[in-house]
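With the numbering used here, letter number 169 in the sequence shown gets 169, and the count goes up by one each step, no holes.
Since the hints were derived computationally from the structure, they do not count as laboratory data. Bear in mind the structure is a predicted one, so any value in this text is a computation, not a measurement. No false leads were mixed into what you were given.
Distance windows between CB atoms, simulated: (1) G38 x F231: 49 to 59 Å; (2) E41 x A91: 54 to 64 Å; (3) G304 x Q226: 37 to 47 Å.
Computed list of lysine-lysine pairs in DSS-like fashion (alpha-carbon distance at most 25 Å, straight line): (4) K95 x K161; (5) K95 x K122; (6) K161 x K122; (7) K57 x K332; (8) K122 x K163; (9) K332 x K55.
Beta carbons: idealized from backbone N, C-alpha and C, even for Gly.
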Amino acid sequence: MFWLRTELWTAEVVYTGFGTPMLRGAIAVQGPTVVGQGSLEELRARFPQAEVVPKGKALFPPPVNAHTHLDLSLHPLYRGPFSGFIPHVVAHREKRGLEAARQGLEELLRSGAGAFADVVFKDEVMEFLLRESPLPGVAFYEVFAPDPEDAEEVFQQVQAKVKAWRRLEGRVRVGLSPHAPYSVSAPLLQRLAQYARAEGLPLMIHAGESQEEAAFLQKGEGFLTQIHGRFSRTPFEPPGLTPIRYLRALSALGPNTLLVHGVQVDEEEVRMLADSGTKVILCPRSNAYLEVGEAPIHLYARHGVELALGTDSRASSPDLDVQNEALFLWEKVDPRLLIRALTRGGYRALGLPTPRLTRGSPASLVHSL
Numbered sequence: 001m002f003w004l005r006t007e008l009w010t011a012e013v014v015y016t017g018f019g020t021p022m023l024r025g026a027i028a029v030q031g032p033t034v035v036g037q038g039s040l041e042e043l044r045a046r047f048p049q050a051e052v053v054p055k056g057k058a059l060f061p062p063p064v065n066a067h068t069h070l071d072l073s074l075h076p077l078y079r080g081p082f083s084g085f086i087p088h089v090v091a092h093r094e095k096r097g098l099e100a101a102r103q104g105l106e107e108l109l110r111s112g113a114g115a116f117a118d119v120v121f122k123d124e125v126m127e128f129l130l131r132e133s134p135l136p137g138v139a140f141y142e143v144f145a146p147d148p149e150d151a152e153e154v155f156q157q158v159q160a161k162v163k164a165w166r167r168l169e170g171r172v173r174v175g176l177s178p179h180a181p182y183s184v185s186a187p188l189l190q191r192l193a194q195y196a197r198a199e200g201l202p203l204m205i206h207a208g209e210s211q212e213e214a215a216f217l218q219k220g221e222g223f224l225t226q227i228h229g230r231f232s233r234t235p236f237e238p239p240g241l242t243p244i245r246y247l248r249a250l251s252a253l254g255p256n257t258l259l260v261h262g263v264q265v266d267e268e269e270v271r272m273l274a275d276s277g278t279k280v281i282l283c284p285r286s287n288a289y290l291e292v293g294e295a296p297i298h299l300y301a302r303h304g305v306e307l308a309l310g311t312d313s314r315a316s317s318p319d320l321d322v323q324n325e326a327l328f329l330w331e332k333v334d335p336r337l338l339i340r341a342l343t344r345g346g347y348r349a350l351g352l353p354t355p356r357l358t359r360g361s362p363a364s365l366v367h368s369l
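Throw the hints in and build the complete structure from the sequences for me.
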């Protein structure tokens, strides 16, 4: 009789997709199949003849890139103050579109991502992802409309597009992304949040990313006043609130809301996010490249906020491999928290089931850092 060799794959952190990521854990692999999981000591006792094979920093199910801008994949990489990033994106706008999205999706596939979330600026990219993506995920239609006088017209246009696109849903679902509190008027942002709740649509908002954003909303100061003035006929009246408090006032927080970045937040705001069930998508390398600071991950963990990881775009991150976001923070944060965010946190944020590494699972599902 032919016996398949058994190996015990181990790493600093082992996560099987449920429970708590393990230190000194292992996965028993026999040929192409997982045959057990648990502590290394337990598996050594069960499989005394098995070879222990170190696999690096972590073992886990396929990761989730919970925030991308695939149609920016042909933009040159920007490093510098946040104030220069929007002009950088606009200056290279001719590179944005379907071809960039195709290349970005190919890069995601090469990285081994199991699911993704994309913020979609152009209709053709939305239709491409809904029709052709081999990966499951959510495509969030991005809305820019800072002038309150345009709110109703823009809402009607967005609503019509979403209704049409939902007929194409399959592996990829449709979501909404009011870009940010400074780039979408209050009445429109509130209306979009209400519509998303009523229709069961996930909502993704960039917020709490920079000090400039807070200065604009609280005092109407900084370079964002110039951006607003270019696209709005109506002068901006600052609400006098920080971004998270402003979103709460507009009823834009909740279990269907994914808040991207969440760097500039205080503990009271973290409690608001936790109490509302809002998930937070961290993009640490992008934050470093744009010089906006570091998200207070310890506060999020303390208050039980669901975290996921994303790369942001090729315009502000060197690649679309979300595993590199975890590596970037590996020495700063409890790695068990990072591996959960890389996997289960991402799947839960996107409303998808988390793949589990259990007896009978293909060994090809086991990813390593």
